[in-house]
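S.K.: Sequence:
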Amino acid sequence: MIRIEQENDWLLLSHPDHAALAGEFARHWKNDFFAPPKPFTHILDATARHDDSWNDRDALPLLTHEMNPSAFSEELVGTYDAFEEIDLHDYLGVRGQATEVAALRDPYSAILISMHTVNLLTVQADLSTLNDEDRAFHKAFIDGQINRQEELKARLMLQDDIAPYLTDECLLAGFKFLQACDSFSLHVGVAFSKPSKLQHAHPRRDGSETEIEFIPKGDNHYVLSPYPLDEPTVVFKVPYRRVTKTATSSLEAFQAAYAAAPIELVTVTVSQS
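The sequence shown lines up with residues 1 to 273 when you count with this note's numbering.
None of these hints come from the bench; they were simulated from the model.
Fair warning: there could be bad hints in the mix.
[To be verified] Label pairs and their computed distance ranges (CB to CB):
no.	residue 1	residue 2	range
1	249	33	47 to 55 Å
2	226	160	18 to 26 Å
3	208	272	30 to 38 Å
4	201	253	43 to 51 Å
5	226	77	37 to 45 Å
6	27	195	20 to 28 Å
7	33	194	21 to 29 Å
8	27	133	37 to 45 Å
9	56	159	45 to 53 Å
10	204	27	17 to 25 Å
[As the list claims (entries may be wrong)] In silico DSS-like links for lysine-lysine, alpha-carbon gap of 27 Å or less:
no.	residue 1	residue 2
11	153	139
12	139	30
13	30	197
Predicted model, so just to flag it, every value in this text is computed and none were measured.
Ideal placement from N, C-alpha and C gives every residue a C-beta, glycine not left out.
Based on the sequences and whatever the hints tell you, model everything.
M.R.: Next comes the structure, spelled out in structure tokens:
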């Protein structure tokens, strides 16, 4: 779950809807200066469906110890340091399932999703709140993901159409693209209010690399510079559910309010100026 706090309400965006937004953003990544990475069909699958495993979990959202929706929020952009608010075994179970669900339909996509998961839980994570037992469990999970990536690569090496894209260079490019689209969707999903950058530097058509600045202009309008999209202005419709803060008095009340809340489409505009 991803959340925006308002004066009297929470706006809540599910993980699958967040990933779908990342996928819509990915589809527009092409112009005279930027090209999408190859093999794009598989990279797009990873980008648009990297959080499919959260569907059941988000249908019954949880509360933190402070009785707030357990969700990714603006203060967590750029790092993840809220392990004390979640059940680590449950959380890693969902993350591991993301790899396995993807592996059934698209093993190449599963490799990229697993790379994203490992990065999220190592490079981006603050593990200081974990006890020794949880650290050991975390390490075993990460080791398992890395081994799973190698298993999937070995399987795909037998496929002539995909084997050329199993180089470290190609996989890294796909991973960075997924992370850029994911970071765009996270920034938008929490209504990030400060200038930032999409994750990683990205190749231009001329072979140079550049970071892409994310600049909020207010009223759900964001500027990207340099601009990687195919139209001067792109409009996205982001589906939130609105839950009043009074509904978080108990877990049962919160889950009932979330289930009953209608979809509220928020218009997000992205432009080059």
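S.K.: Give a verdict on every hint.
M.R.: These are the hints, each one checked on the structure:
Our hint of 47 to 55 Å for residue 249 and residue 33 holds, since their Cβ atoms are close to 51 Å apart. Separation of residue 226 from residue 160 is about 36 Å and departs from the stated range, judged on CB atoms against 18 to 26 Å. At roughly 18 Å, the beta-carbon separation of residue 208 and residue 272 lies outside the given 30 to 38 Å, and the hint is violated. For residue 201 and residue 253, the Cβ-Cβ distance of about 46 Å falls inside the hinted range of 43 to 51 Å, so the restraint holds.
At about 21 Å, the CB distance of residue 226 to residue 77 disagrees with the hint of 37 to 45 Å. The beta-carbon spacing between residue 27 and residue 195, approximately 25 Å, falls within the hinted interval of 20 to 28 Å. Range check, residue 33 to residue 194: about 26 Å between beta-carbon atoms, so the 21 to 29 Å window is met. A C-beta distance of roughly 43 Å is found between residue 27 and residue 133, which places it inside the suggested range of 37 to 45 Å.
At about 31 Å, the CB distance of residue 56 to residue 159 disagrees with the hint of 45 to 53 Å. Against the hinted window of 17 to 25 Å, the Cβ-Cβ separation of residue 204 and residue 27 comes to about 19 Å, which satisfies the hint. Note on residue 153 and residue 139: the hinted pairing holds, with a Cα-Cα distance of about 21 Å set against a maximum of 27 Å. For the proposed pair residue 139 and residue 30, the alpha carbon gap of about 38 Å is over 27 Å, so the pair is violated.
This hinted pair checks out: residue 30 and residue 197 have alpha carbons roughly 18 Å apart, not beyond 27 Å.
Hints 2, 3, 5, 9, 12, counting from the list given before, are not met by this structure.
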